[in-house]
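Q: Chains as they are written, first to last, in my numbering: chain A, -3 to 200; chain B, 63 to 388.
Hints were generated in silico from the structure; no laboratory data involved.
Among these hints, one or two may not hold up.
What the hints assert, rightly or not - Partial list, computed: chain A residues near chain B (C-beta under 10 Å): (1) Thr11; (2) Leu13; (3) Leu22; (4) Ala34; (5) Phe35; (6) Ala39; (7) Leu43; (8) Leu176; (9) Ala183; (10) Trp190.
The beta carbon of each residue, even a glycine, is placed where N, CA and C say it ideally should be.
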Amino acid sequence: MTLLLGEGFALGLATGLYCLGACAPLLAPYLLCESEGAFGRGARLLLEFMAGRLAAYLLFAAAASKLGARYPGLAGGRVVAAGLLLSGLLMVLYAVVRSAPRLSVCAPWADSAAVRRLPFAFGFLVGINVCPPFAAGLLRLVSLASPAKGMVYFAAFFVGTTVYMLPFLVAAPLSRGPRLRSAAALASGLAGLWFAGLGLYRLL
Amino acid sequence: MNTVLGRGALAARGAWVLFVGFIAYRLARTGRTSRWRSVFFVAMAWAFVFQFKSSGSPSTGPRALESPYCHIAIASSILNQAYNQYLAFRSGHWPAWGPLSLGFLWLAVTLVLGQAWCSWGCFYGGLDEGFSRVLPKALLRWNSLPGRLRELPAAILLVSILFSLTSVLPAFCLWACPLKLTTAFLDPNDLTRRLQLGLFAATLGGAIVLLPLLTKKRVFCGLLCPFGAWQSFWGNVNPFRVSIRAEACTQCRLCVKVCPTFAIEAEGLKEHVVSPYCNRCGECIDACPTGAMGYTLLGDKTWDARLLLIYCCLVVGGAVGGMFLP
C-alpha cells in the first residue's frame, strides 16, 4: 500500500504542471472575482474546488478500476468532452450572473446557493477532464483492477498535483479592487467560451 | 555593426525629424491637441505596416533586426517570458537581453508616457484611429459601453496571460492578433487554422476597419487591446492626467460622446472622474466648450501640463516612429 501511495504521489508531483494548465484559466478568474481580497475566503474557495477535484478523481478511480478493463474507451470518450462542455457553459453562466447581476434573469441567482457551490462543481468537472498525467494514472488503474487500490492511488496522485495549486492563494489578496473583480468575471466568461468550444469540438 | 547610413536613409531620417518638428509647431501654434497628434499617430502606424510587411517574416526576414517587439504580445505573454524567456517573435538584439531589457524599456516608456503610449507611441493604435477619422460624422451612434464591459480589455489580458502560460504559446497572437492575417502559422492548414484566420479577419475587419469607420471610436484600442489594459493598471505611475474642473463642467457630455476609447463615462463624469483607460489623446479637451478639461500633473489643476506632455510624447513617439524608416 505504501508503495502504491508513493507511486501515485510521485506521478502527481511529476506531472502536476499539466493539471495547473487545465485548472488555471478556470480557477484564477473565479478566485479573483469571489475572494473579495480576503486570503481566508480565497483559501476556503480553493479547498472547495479541491474537494470537487478529489471527488472526481476518486469516482473515476473507482469506476476505471472496476470497468476500465471491460470498457477501455471510457476515459477518453464523450464523458470527458461533455464534462468540458458543461464546465465551459457553467463558467459562461457564472460570468453572465456576475457581470449583469441586475438583469431580471440573473437576479435570483446572484447570491444563490447554486452560485456559492460552484467551486465544488468546477473542481469536479475539471477533475474528470483527462489530461496526459490523468490518462497515465488511469492505465495504471486498469492494471490494478481493484476499486479500493485505485482510490488510494488516485488520492495520492491528487495530493501530488495539489502542490501546484497552492500559488492560486496569491489571487485572493490581489482582488481587493472592483476593477480586477469585474475583469475576472468577464475573463471567466471568455475562458468558459473556450472550454465549451473545445468540448463541443471533441463531442462532434 | 555598420553604423554608416546611406544618403537615402539619411534623407528619410531628416524628413522624419522635420515632420515631427512640424507636428510640434502645429500643436503649439493651434493650441489644439488631437487633430495634429492624430496626423502624427496615423503616419507612424502606416509607416510601421509598410516596414513590417515589406520586411518578410519578423523572425527570419532580411529586416528582422529592425523589427520592433510587439508590446501587445509582451503584455499578454508576460508570465511566459518570466517562466521560460519565451518571446512572441525574435528580432533586433533583444534575445541576448531578454525580459530584463524589455522590462526596463517598458518601465522607461511608462514613467515618461504612462497610458499616453496608446495615443502617441503605439504603432498599432494609429490604424483604428485612422479609420475612425475617415468620415466626418458617425453613421452609427455608440457613445458609451454597458458598465461591466468596460473591463473587457483587462479580461482579455487575464485570459491571454493564463492560456499563454498554461499552453506555453502566445494565446493572443495565435487567436486574436489583427495584423497576423498574412503571416506564418504554427498549426497546419486544418480547422484550427481556419478558425484562427476567421478570428484574425474578424478582429481586423470589425474592430480596426469597420466599427471605427462607422462609429468614430477606436474599437480595438478601447475594447480589445490587452496592452491598453496592462497600461491602465500601471499608467498612474506617470504624473500626466486628464482632469476635469468641477466648477467649469456643465455636464454637457460632449466629452463622453467624443472620447474614442470609451474612457469617459456618464457616471464618472458626474464625479468628474476619467477612467484609467484614458489615452491622453486630447479629443475631449479640444471638444469641451467651457475649457473644463485639461492636462495636469497629478491632478493639480492650477498648472497646464499640455506642452510638457506633448514634448514627452513627441520625443518618445518620434523615436519609435524613427524605427520604421527605410
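Q: Given A/Leu13 was flagged as interface, is its beta-carbon under 10 Å from a beta-carbon of chain B?
A: Given a least distance of 9 Å, the restraint on A/Leu13 holds.
Q: Does A/Ala183 meet its interface restraint, that is, does its C-beta lie within less than 10 Å of any C-beta in chain B?
A: For A/Ala183, the interface hint holds, since the closest Cβ of chain B sits about 4 Å away, which is under 10 Å.
Q: Interface hint check: A/Leu43, Cβ to nearest Cβ on chain B, cutoff 10 Å. Holds or violated?
A: violated (21 Å)
Q: With chain B as the partner, please determine if A/Ala34 meets the hint condition of a C-beta pair closer than 10 Å.
A: Hint violated; A/Ala34 Cβ to chain B Cβ min 20 Å, cut 10 Å.
Q: Against chain B, run the beta carbon of A/Leu22 and see if the smallest gap drops under 10 Å.
A: holds (9 Å)
Q: Mind checking the CB of A/Leu176 against every CB in chain B and telling me if the closest is under 10 Å?
A: Because about 7 Å separates A/Leu176 from the closest Cβ in chain B, which is inside the 10 Å limit, the hint holds.
Q: With 10 Å as the cut and Cβ atoms as the points, is A/Ala39 at the interface with chain B?
A: Result: violated, 20 Å to nearest chain B Cβ.
Q: Return the status of the interface hint for A/Trp190: holds when the least beta-carbon distance to chain B is below 10 Å, violated otherwise.
A: Since the shortest Cβ distance to chain B is 7 Å, the answer is holds.
Q: Let's test the interface hint: is any C-beta of chain B closer than 10 Å to that of A/Phe35?
A: This interface hint is violated because 20 Å lies over the 10 Å limit.
Q: Would you settle whether the hint for A/Thr11 is holds or violated, based on the nearest Cβ-Cβ distance to chain B being less than 10 Å?
A: For A/Thr11, the interface hint is violated, since the closest Cβ of chain B sits about 14 Å away, which is over 10 Å.
Violated hints, in rising order: 1, 4, 5, 6, 7; the structure is consistent with all others.
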